[in-house]
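Two chains, two frames, a set of hints: combine them into the complex.
Taken in order, these protein sequences are the chains called A and B.
No gaps in the numbering here: position 47 of the first sequence is 446 in my numbering, and each next residue is one more.
No gaps in the numbering here: position 25 of the second sequence is 127 in my numbering, and each next residue is one more.
Treat the hints loosely; a few may be bogus.
To be verified - The calculated SDA-like cross-link candidates involving lysine to any residue, where the alpha carbons are at most 25 Å apart (straight line), are:
1) K450(A) - G251(B)
2) K440(A) - A311(B)
3) K450(A) - T460(A)
4) K440(A) - D185(B)
5) K490(A) - A311(B)
6) K491(A) - R321(B)
7) K406(A) - L483(A)
These are computed hints drawn from the structure, not numbers from a lab.
Note that the coordinates shown come from a computational prediction; the quantities given were computed from them, not determined experimentally.
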Amino acid sequence: MDQPEKKVSGSARPRLPRGVRLTHNEAQGGWLLLAPERAFKADAISVEILKRCTGEATLDTIVDDLAKRFATPRERIHADVVKLLSSLADKKLLEL
Amino acid sequence: MAAPDLLPAPLGLLAELTHRCPLGCPYCSNPLALDKRDDELDAATWTRVFCQAAALGVVQVHLSGGEPAARRDLPEVVKAARDAGLYSNLITSAVGLTPQTLATLSEAGLDHVQISIQDSDEASADHIAGYKGAWARKRAVAGEVVRLGLPLTINMVVHRANIVRIESMVELAVSLGAKRVEIAHVQYYGWALKNRGALMPTREQVDNAARQVEVLRARYHGRIVIDAVVPDYYARFPKPCVGGWGHRSVNVTPAGKVLPCHAAEVIPGLEFWNVRQHSLADIWRASPAFIAFRGTDWMREPCRSCDRRDQDFGGCRCQAFLIAGDARAADPVCHLSPHHALVLQAAEARAEVAYSYRSL
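Excised from the complex, chain B in its bound form (with noise of 0.2 Å):
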């Protein structure tokens, strides 16, 4: 265990605010078993959150669901944000978010405003949504984010339905007054995982995207920030998860469960605790859960003795568990595991089935 004086301090906080959502998108990234709206943390709860998170060295508050604007009391958790000296981030579908509710956020202190968009195209988008009238919802409220002077992000998930559309969902980001898109490529974990058949892209379907980013980074540069997630399974190397595992982030789920990351569930035998028993500063610290694999010294081969051990921690403990069946092998993504064919494999086994979308 990490001496305290060397434990590193969180930067994000990722607050699930609740799982209920009107959409359905089959990618979603809330686990299967959702919380229920009984369980939820209340306001003065995430107030209390929110303040010891600062206290740690948390500078940025990602609020996030679910759909966070399913929640009434959402401008006083913003404002709580606010008070605590947090930067706030929503993360919203958009659908539910009236003009009154934002304009209310705005005024509580609200920093930033990230929509989702499924597609640059009407049918499709309300297809992956799987909720009619979505898309035009969402483009009525980023007029109004923008309107409000709030600055607008626009994410765009990409998956085989969409993928060779970038050029115009870039476009439409434009059109809305972002100043930033995220062409974020599905990571295959809780719903997205159940769906990736139906989901996963072509080699070459990526490779063109790819091309296709650098040109348009080019012609839109000074114009919008075009950032990208990188599609894993086709990789070289895993990604950086989470910055390390209990490094840079911190999760917190809508029953108060305190997570290394979202989909830190998976992993059988980790032993999370809860905002409503514990200090944020104590679980951050000495919870089992944030301990397993925070560091280097929990690496087998080929992660302990490689030169990029402090650059990737290894990829990604969940797919480590979802693929090669451990959470301390190497993420199998990298070429370098003894599990890489089996990575391969699933990005080969792409199927024309009808997705499973996210419910309750």
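Here chain A stands alone, though its shape is the one from the complex (with noise of 0.2 Å):
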């Protein structure tokens, strides 16, 4: 289901709850987002992104730091931050 967009404020700090765990593994082909039964492919970009939610970092400075990373405008970056978060913290995967 198609959800609006939703504002996610640039200081909250995004996290992976306890339960939800990145996790590299060769067999599998690469990197899994775990959760509650439940696992997810994750590709490089999310990969990027996840690795950055620890709680501490601000959804501002991940934002500043994958611009200045990847070369690519920050709007562009915020647009794929946002979405991926918000979808994932509207399948309990994340807090914001």
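What follows is the structure, given as structure tokens:
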């Protein structure tokens, strides 16, 4: 179901809650987000975002960092990050 | 047989630690012939199995039963899963699980807890479980799980006696602090098959339940995730059972037998290997039971030429055997199966009879 784009505050400190873990597994062909009775394949971009969701960095810091690292316009990164984070938050896989 | 480099890697391991359980739920998925305590694998063997599973690609282990808390060495088993790098999920009735044990499990690195609740109505729930006081006990343990900061799923098995209370069952899960609730319609194997006439809902009830789940999903969006396991006797297409035989998941029984799915022992003629004699990797790759229905080569018509064959894998092999009498047949739940009428007849064969409770 498509939800209208959510507003996430720039000062939010996203974190993976207990019971949600990012893990690398060679036999499964890369990175997986492990959650209660589910496992999702995580692509390279999602992995870069999720690794930064430690509960310490703010959304603004994460976006700045990724924009610099991948030399991509900040607005585009911001849109991608917010889309991923709000979709995970709706599934209870991320806390904002 | 698939070449080794094409062999899929299993994602999940269902570890049935014991068949002992204080409850007697008439839909229990355990086989009618239950493993005895003396035959159970010890913690050291489970530790070895977890290490082998992780090396094979398994990332999640579901600690189940019976009631896993019936084992005193459960904390040791949980720690072994964590040490092997596996995500551990405790599937429990909560009866027999003390706050002290729960705290120990949490410290040992348990990742998630799933508690079954039989109904939102206390008297009905205790009647279904065949255990007075179970409902109250479960609510207390659920509270303890949340207090410890462990993520909680509530599993509600749905059938004729409680299908009208889905809304209040979801409300109960929300009030207990669960982040996820499973509305799981009974699947008819083992004890559930024995009690099929007493458990089967009507088509009208099933249709109402499906509509209600959609309404509840919208109402609780972002607050609780509602996952539904569909009632396949009323479906047009079969479920993609265990994500394909020998493809994604592996099941180890209390006595160490390794099965492609928890019901597989009902199929006659399958040869299962045991972790006491073989490594999990050898069993996954080469045991006759895993090879039997892996991939699509075993299929007959109408599955063989069906464009859904890689989507639902012909459905469930156990159900094909149990209803059509042939494990290679299409799952008779499929409307394309020549045996589909048998499923419709079975769904109509409802009876107001007492449950035959699960017992050793």
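Structure-based check of all given hints:
{"no.": "1", "hint": "K450(A) - G251(B)", "result": "22 Å, holds"}
{"no.": "2", "hint": "K440(A) - A311(B)", "result": "31 Å, violated"}
{"no.": "3", "hint": "K450(A) - T460(A)", "result": "13 Å, holds"}
{"no.": "4", "hint": "K440(A) - D185(B)", "result": "23 Å, holds"}
{"no.": "5", "hint": "K490(A) - A311(B)", "result": "22 Å, holds"}
{"no.": "6", "hint": "K491(A) - R321(B)", "result": "15 Å, holds"}
{"no.": "7", "hint": "K406(A) - L483(A)", "result": "12 Å, holds"}
Against the hints set out earlier in the document, a violation occurs for number 2 only.
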